[in-house]
Amino acid sequence: MIRALAIKEWRETWAFGALALGIYLIYLASFTGLSAPVFRAMPWGSRATGKPPELPFIVDNFTPMLGVVGCLLAIALGLRQSAWEPHQGTSLYLLHLPLPRRTILATKLLTGVGLLLACALVPILLYGTWAAWPRTHAGPFEWSMTADAFRVWAMTPLVYLAAFASGIRPARWFGTRLLPLAAVAAPAILTLAVPSWWLIALPIAAAAAAVLTATILQEAETRDY
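In the numbering used here, the protein residues as written are 0 to 224.
Quick caveat, the hints were computed from the structure, so don't treat them as lab data. One or more hints might be untrue.
[Stated by the list, open to error] Pairwise CB distance ranges, derived in the manner of DEER restraints:
1) W83 x P139: 29 to 37 Å
2) E141 x Q217: 39 to 47 Å
3) A185 x A28: 12 to 20 Å
4) W83 x T128: 31 to 39 Å
5) K50 x L24: 13 to 21 Å
6) P99 x T128: 38 to 46 Å
7) V67 x A205: 35 to 43 Å
8) T128 x V67: 17 to 25 Å
Virtual Cβ for every residue (Gly too), placed ideally from N, Cα, C.
Model the full structure from these sequences, guided by the hints.
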């Protein structure tokens, strides 16, 4: 039963992940210079140089792009898996399954977080592998240079959980309903800004994720559908 529910969630959300992954790969091609031959072959792209950055992950816009696309994907997934279900009338069907509500919600959350993290991990690994390959760019590269990108990668589940919590709230006013999504900005920014990841940022992210998850499960237990 859990497997069938996970497949159902995957079938309904894979298109969001595919779109985000496509955007990631387009930007990745521009960062690595692989898109330059394509643009130069077009009449309006004769001046395209496609020069790779000297210091990948450091002097390019890869990490900001990863954060923007990742947050947009997180919001889309969170709202699609929560607010969309009552609108379509599938919530009542799910609640009649021979599973506890917490199990149903936990399955949805794990499926969404897994898809979100997998989509963002692919461009990081591809870009890092390209940067580690000899003679691909002029500057040095070490995998430690990907630290900021992995910080962003680890932060996006907070945005997903906040979007899910916003979608599952029964508030009438739209602004009140989006309160979790607005409130997650502070721990998300702290996760990215504080200097020590293991001692400060990770505990902050874990605490925020625990609070959001508990809020979602509590709302699922008490809400009258």
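The hints, checked one at a time:
1. W83 x P139: 29 to 37 Å: Since W83 and P139 have Cβ atoms about 47 Å apart, the given range 29 to 37 Å is violated.
2. E141 x Q217: 39 to 47 Å: 44 Å, holds
3. A185 x A28: 12 to 20 Å: 35 Å, violated
4. W83 x T128: 31 to 39 Å: Cβ of W83 to Cβ of T128: about 36 Å, so the range 31 to 39 Å holds.
5. K50 x L24: 13 to 21 Å: 19 Å, holds
6. P99 x T128: 38 to 46 Å: At 42 Å between Cβs, range holds.
7. V67 x A205: 35 to 43 Å: With a Cβ separation near 24 Å, V67 and A205 fall outside 35 to 43 Å, so the hint is violated.
8. T128 x V67: 17 to 25 Å: 23 Å, holds
This entry does not satisfy hints 1, 3 and 7, going by the numbered hints stated previously.
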